[in-house]
Amino acid sequence: MSTVHSTTFDKVSWAQWYAQQHLKTDPGITAVYYLPTGAGERDIRLVEVNTMIGERLDDRLEPIDFGIDFGEETEHRLVVLDVSSNQWARILKKEMPLPSGWSLDQWFEFSPSSASKEADDSDE
Amino acid sequence: MNDFQKIWWKQAQSDFEILQRFRSQGGVSPCHVLHYLQMCTEKIAKAYAWRGNRPPGFTHLGFVGFLKLLANQHSRLKREKIASIFGYKRSNEFQGRIHSTAPLSHAIERLAPALAKDGPNPEYPWPHAAPLYAPVAFEFADCNLENSTGRELMRIVGSAISRFPEYANI
Numbered sequence: 001m002s003t004v005h006s007t008t009f010d011k012v013s014w015a016q017w018y019a020q021q022h023l024k025t026d027p028g029i030t031a032v033y034y035l036p037t038g039a040g041e042r043d044i045r046l047v048e049v050n051t052m053i054g055e056r057l058d059d060r061l062e063p064i065d066f067g068i069d070f071g072e073e074t075e076h077r078l079v080v081l082d083v084s085s086n087q088w089a090r091i092l093k094k095e096m097p098l099p100s101g102w103s104l105d106q107w108f109e110f111s112p113s114s115a116s117k118e119a120d121d122s123d124e
Numbered sequence: 001m002n003d004f005q006k007i008w009w010k011q012a013q014s015d016f017e018i019l020q021r022f023r024s025q026g027g028v029s030p031c032h033v034l035h036y037l038q039m040c041t042e043k044i045a046k047a048y049a050w051r052g053n054r055p056p057g058f059t060h061l062g063f064v065g066f067l068k069l070l071a072n073q074h075s076r077l078k079r080e081k082i083a084s085i086f087g088y089k090r091s092n093e094f095q096g097r098i099h100s101t102a103p104l105s106h107a108i109e110r111l112a113p114a115l116a117k118d119g120p121n122p123e124y125p126w127p128h129a130a131p132l133y134a135p136v137a138f139e140f141a142d143c144n145l146e147n148s149t150g151r152e153l154m155r156i157v158g159s160a161i162s163r164f165p166e167y168a169n170i
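Residue numbers (the working numbering), protein chains in the order written: chain E, 1 to 124; chain W, 1 to 170.
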């Protein structure tokens with residue numbers, strides 16, 4: 001990213017906010033995991049376990065990279081990997097590789113129960 | 001809106017026009033309607049993904065992921081603006097509609113042959129090794145566009161395409 005940022009960026013806080021929102025918005029999501037290791041300074045990597053997605057025939061996992069707030073102080077990338085529960089189980093057992101550069105080191109879950117809380121957000 | 005977005009938006013608009021024509025004239029097999037719906041939703045999502053002026057780092061982006069991104073802007077001002085563009089008074093109303101239509105949206109997304117797992121899809125007979133079904137004769141009961149959920153989703157899709165220039169850079 002070319003933008004120069006003068007403020008610090010609390011990745012975990014933003015990641016938790018996105019996790020809560022996605023759990024509230026998509027009834028197919030049963031769990032959201034945060035994978036911080038190896039991510040860039042302003043990259044948020046989430047794995048979302050979803051009962052409603054289709055698995056690719058070629059078994060390839062492809063994260064979706066959402067650039068957000070381009071050119072603003074809060075510019076960052078939200079990178080979401082949608083997987084089925086079966087795929088997540090295989091990832092944990094090292095039977096299915098994560099995308100290149102991703103790591104399971106230090107991963108943790110954002111609990112679905114926290115999704116009902118009113119999320120903090122900006123402009124308030 | 002940058003030139004890359006215009007290109008993707010133009011194609012999404014064309015797919016959506018064909019879809020509307022099929023629906024209004026009637027007598028067209030659901031597979032053709034759903035094929036164009038799957039294509040136009042994927043293309044408008046990609047049009048949005050190009051707002052960073054660089055190629056999206058993925059080959060497939062489903063409509064559900066796109067809607068989740070739109071509806072869950074961290075900035076409340078942006079959330080409310082987008083909800084308004086889509087015709088909702090409040091962002092939580094827009095989020096509620098995305099939630100209620102998500103099963104159908106996911107079903108549309110799963111129609112892409114790469115995700116259909118040798119099962120129902122609007123393009124090719126299946127199963128591949130010994131075809132038993134032709135899309136043209138299949139009902140696609142999971143993708144009903146004529147009930148209240150289907151009509152709501154079609155309204156969201158219509159807004160996503162017709163009002164794209166208003167949110168293309170958000």
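Incorrect hints may appear among the rest.
Stated by the list, open to error - Here are some chain E residues the structure puts well away from chain W; computed CB gaps all over 12 Å:
(1) Tyr18
(2) Lys24
(3) Pro27
(4) Ile29
(5) Gly38
(6) Arg60
(7) Ile64
(8) Phe66
(9) Gly67
(10) Gly71
(11) Ser103
(12) Asp105
(13) Trp107
(14) Ser111
Unchecked claim - Label-pair distances were calculated between CB atoms; the ranges are:
(15) W/Pro131 with E/Ser111: 31 to 37 Å
(16) E/Ser100 with W/Tyr133: 33 to 39 Å
(17) W/Ala141 with E/Glu109: 33 to 39 Å
(18) E/Glu95 with W/His99: 30 to 36 Å
(19) E/Leu104 with W/Arg163: 38 to 44 Å
(20) W/Val136 with E/Leu92: 51 to 57 Å
(21) E/Gly40 with W/Pro131: 45 to 51 Å
(22) W/Glu152 with E/Val12: 50 to 56 Å
Calculated directly from the structure, the hints in this document are not laboratory data.
Only a predicted model underlies this, so the values are computations on that prediction, with no experimental measurement involved.
Each residue gets a CB set at the ideal place from its N, CA and C atoms; glycine is no exception.
Quick rundown of the hints versus the structure:
no. : hint                               : in the structure
1   : Tyr18                              : violated (7 Å)
2   : Lys24                              : violated (7 Å)
3   : Pro27                              : violated (5 Å)
4   : Ile29                              : violated (9 Å)
5   : Gly38                              : holds (15 Å)
6   : Arg60                              : violated (9 Å)
7   : Ile64                              : violated (5 Å)
8   : Phe66                              : violated (5 Å)
9   : Gly67                              : violated (4 Å)
10  : Gly71                              : violated (10 Å)
11  : Ser103                             : holds (18 Å)
12  : Asp105                             : holds (22 Å)
13  : Trp107                             : holds (21 Å)
14  : Ser111                             : holds (18 Å)
15  : W/Pro131 with E/Ser111: 31 to 37 Å : violated (45 Å)
16  : E/Ser100 with W/Tyr133: 33 to 39 Å : holds (37 Å)
17  : W/Ala141 with E/Glu109: 33 to 39 Å : holds (35 Å)
18  : E/Glu95 with W/His99: 30 to 36 Å   : holds (32 Å)
19  : E/Leu104 with W/Arg163: 38 to 44 Å : holds (41 Å)
20  : W/Val136 with E/Leu92: 51 to 57 Å  : violated (42 Å)
21  : E/Gly40 with W/Pro131: 45 to 51 Å  : holds (46 Å)
22  : W/Glu152 with E/Val12: 50 to 56 Å  : violated (35 Å)
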